[in-house]
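J.: Input sequences plus hints: build the corresponding full structure.
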Amino acid sequence: MAMRRVAIIGAGMTRFVRRALETGRELSWEAAGQALQSCEMTLDDIESVVMGSAPDAFDGVHMKSEWLADGAGGWGKPYMRGYVGGGTGVFSVAQGWYHVASGLFDTCLVVCEEKMSPCKPHPQAAFISIFDNFTERPLGPNLLWIFALEMNAYMQRYGLKKEDIAQVAVKNKRNAADHPAALLGDPAITLQDVLNSEVLAWPVQRLDVSPVSDGAVAVVLAADHVARRVTNKPVWIEGVGWNLDTAHWTDRDLSYPTYVEEAARMAYTMAGITEPRKQINIAEPYDPFDYKELHHLEGLMLFDKGKAPEATALGVTQRNGDLPVCPSGGLLGVGNPIAAAGLMKIAEIFWQLREEAGARQVPGKPRRGVAQAWGDLMQVGTVVVLGR
Amino acid sequence: MATHNHVFPTTGLSQSDFDQNRVVTVDWVPRAEYAWDEGVAMGRYLQGLKEGKILGRVCHKCRRRLVPPRMFCEQCFRPTDEWFEAGDTGTVKTFSLCYVTWDMIKLDQPQIPAVIDIDGASPGMGIMHLLGDADPQAVRIGMKVWAVWRPVDQRAGAITDILYWKPM
Amino acid sequence: MAILDNLEHAVDAQAMRGSLPTRYRYTAGVAGQKFLAALRDEGTLLGSRCDKCQYTYVPPRMYCERCFAALPESAWIRVGPSGTLLSFTLVHLDLEDKPLDPPRLLGLIQLDGASGTLVHDLSEVERRAVRIGLRVTAVFKTKPERSGSILDIRYFKPE
Numbered sequence: 001m002a003m004r005r006v007a008i009i010g011a012g013m014t015r016f017v018r019r020a021l022e023t024g025r026e027l028s029w030e031a032a033g034q035a036l037q038s039c040e041m042t043l044d045d046i047e048s049v050v051m052g053s054a055p056d057a058f059d060g061v062h063m064k065s066e067w068l069a070d071g072a073g074g075w076g077k078p079y080m081r082g083y084v085g086g087g088t089g090v091f092s093v094a095q096g097w098y099h100v101a102s103g104l105f106d107t108c109l110v111v112c113e114e115k116m117s118p119c120k121p122h123p124q125a126a127f128i129s130i131f132d133n134f135t136e137r138p139l140g141p142n143l144l145w146i147f148a149l150e151m152n153a154y155m156q157r158y159g160l161k162k163e164d165i166a167q168v169a170v171k172n173k174r175n176a177a178d179h180p181a182a183l184l185g186d187p188a189i190t191l192q193d194v195l196n197s198e199v200l201a202w203p204v205q206r207l208d209v210s211p212v213s214d215g216a217v218a219v220v221l222a223a224d225h226v227a228r229r230v231t232n233k234p235v236w237i238e239g240v241g242w243n244l245d246t247a248h249w250t251d252r253d254l255s256y257p258t259y260v261e262e263a264a265r266m267a268y269t270m271a272g273i274t275e276p277r278k279q280i281n282i283a284e285p286y287d288p289f290d291y292k293e294l295h296h297l298e299g300l301m302l303f304d305k306g307k308a309p310e311a312t313a314l315g316v317t318q319r320n321g322d323l324p325v326c327p328s329g330g331l332l333g334v335g336n337p338i339a340a341a342g343l344m345k346i347a348e349i350f351w352q353l354r355e356e357a358g359a360r361q362v363p364g365k366p367r368r369g370v371a372q373a374w375g376d377l378m379q380v381g382t383v384v385v386l387g388r
Numbered sequence: 389m390a391t392h393n394h395v396f397p398t399t400g401l402s403q404s405d406f407d408q409n410r411v412v413t414v415d416w417v418p419r420a421e422y423a424w425d426e427g428v429a430m431g432r433y434l435q436g437l438k439e440g441k442i443l444g445r446v447c448h449k450c451r452r453r454l455v456p457p458r459m460f461c462e463q464c465f466r467p468t469d470e471w472f473e474a475g476d477t478g479t480v481k482t483f484s485l486c487y488v489t490w491d492m493i494k495l496d497q498p499q500i501p502a503v504i505d506i507d508g509a510s511p512g513m514g515i516m517h518l519l520g521d522a523d524p525q526a527v528r529i530g531m532k533v534w535a536v537w538r539p540v541d542q543r544a545g546a547i548t549d550i551l552y553w554k555p556m
Numbered sequence: 557m558a559i560l561d562n563l564e565h566a567v568d569a570q571a572m573r574g575s576l577p578t579r580y581r582y583t584a585g586v587a588g589q590k591f592l593a594a595l596r597d598e599g600t601l602l603g604s605r606c607d608k609c610q611y612t613y614v615p616p617r618m619y620c621e622r623c624f625a626a627l628p629e630s631a632w633i634r635v636g637p638s639g640t641l642l643s644f645t646l647v648h649l650d651l652e653d654k655p656l657d658p659p660r661l662l663g664l665i666q667l668d669g670a671s672g673t674l675v676h677d678l679s680e681v682e683r684r685a686v687r688i689g690l691r692v693t694a695v696f697k698t699k700p701e702r703s704g705s706i707l708d709i710r711y712f713k714p715e
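Protein chains in written order, with the numbering used here: chain G, 1 to 388; chain W, 389 to 556; chain F, 557 to 715.
Source of the hints: derived by calculation from the structure; they are not laboratory data.
Don't take each hint at face value.
Unchecked claim - Computed list of lysine-lysine pairs in DSS-like fashion (alpha-carbon distance at most 30 Å, straight line):
(1) Lys608/F with Lys77/G
(2) Lys532/W with Lys494/W
(3) Lys305/G with Lys532/W
(4) Lys120/G with Lys590/F
(5) Lys554/W with Lys161/G
(6) Lys654/F with Lys697/F
(7) Lys608/F with Lys699/F
(8) Lys162/G with Lys554/W
(9) Lys162/G with Lys494/W
(10) Lys608/F with Lys590/F
(11) Lys162/G with Lys449/W
(12) Lys120/G with Lys494/W
(13) Lys590/F with Lys697/F
(14) Lys365/G with Lys278/G
(15) Lys699/F with Lys590/F
(16) Lys161/G with Lys278/G
(17) Lys278/G with Lys233/G
(18) Lys161/G with Lys494/W
(19) Lys161/G with Lys532/W
T.: Structure representation (structure tokens):
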């Protein structure tokens, strides 16, 4: 493929909180400002802007991305929004990538923002028509049903117990204690805490889920020649992939995320990865629920089907393990402002590969990482491979 | 550490900031009312439910028997070929025991949503519905269930014309 | 077989009515909070100025949208309460297409010191006397009536 090489050269974010005083625009500006500062660039250096933000209905602002544009540095610039539900955060980097790889722009500022707190009584109100209006909404559904049904199918297929799954929540919340932006970091959380938490929709319990939050993250992308002028530690975007499965979610095999595998294949092919388990050093799969980390690790072909829980129990996915997974603390630990959460994972790999992750730093000079996000009607997979 | 990874300290708000009027707020209830068109396939499906039948469409090329019916096959992108009537029995593909409503109100007795493979449709062609008249602790994946219908004169042409699915 | 061949009668098509159960509680943000608090507590209007871009934002922003510079306290200034009418309209229908009686007079007002405009009601003026360029001034609610809303300005009237 005759495309230019593109690097991430800067990253910044806001703390994730339950409810921010800042508007979505202000959050975007703070994150974008941090990202620009981190690579000593100004808005004048930015030629294009990509905004990732999930449904307008969360903020209750129509044409939300246009409204956010000023805070994302989009004023008077070529500006584009991407929205694939929870997959947005990682997908936004794929969008930013083709802005620069195509030769159309030398730089692109990618901002992801979410402010879920204005939506009452609960952001689920905005989501409720994700269920088919004719065949599902009349049953009075709760969004939790979809995840619980998927989690049960996964557990049953491989004979898993709650303990096998809950260990992921423990790992990630403990990891998040070292993340300066984290909402839910807890260095002392135990497996028993998770297993004793309130049952919401069995098998989903309260501590299996990451709650809604407000926050924003931004990264700066640059073409090769610009990247090399700005930093001696560019992090290259080596592969991008995205894939959408059917919206008839009840027709799917819920125990395996095919859409993640397809997106991963696309990204791995581009990155020249033939043995993902050997060639990838860090993984940040999307973990809004603990079982999803395991589900997604298998879809990313980093572990065989049904084998991710075992590897987790053996410590393989701890920060000092053979394949650290969610060293950031993930959504379970840092928080889940929908679109921003995916970009937080990209930022984490960026910092990890540059050995700037502080107390979260994974040892052994990692050279390559994969970030993955998921969402929509549980059917989008978005994958980005980064490397030094 | 906060500046090392370029993290802005967002101003978090708490419930007391609102209760004590430290923050100006504006409330709004949108008036967004919809009339969703059933469409060709769904219209017939709902009509079938009123008649006590579960209808589907066949795609001959993909050899799939689709429930609920679709007028086009999303895999091969051809129009589907004909109607068929599925049974009103099935198998539980997955289920949950849900103790909260969507707006987080607690329930004493759990609702039991399930994905049910319908007999007569292609394998894995599930629909979501509720189980009823069932002991929550006895529900199992793989369990056979049958549809309990509303009395004929109470049916409206809706998915709720099936009250719930009961273990056989 | 085309999809539409399967629809025997137009009246076979039905629709399901419903709505989305959302409601919202918005906060104004860091800059908006300060603007509305000043309006409520002191009856003053504030803007924020970016000297580099020579642009004053009303309502104020905490950053300049044009050059992205931070606009701290020192960049905040008082604007208005008078200004110039840059446009106006007389609205005859409400959101549901029913007649408004009397029709509603709205103006686009550039407050003295601001670079942009604000939408608000016009009153104490005959329609025939309204023209672009008219000097207007804000009429505020009394302090006990004010709540930290743009409606703490009742309307604008000729100066």
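J.: Identify every previously stated hint that the structure contradicts and give their numbers, smallest first.
T.: 7, 11
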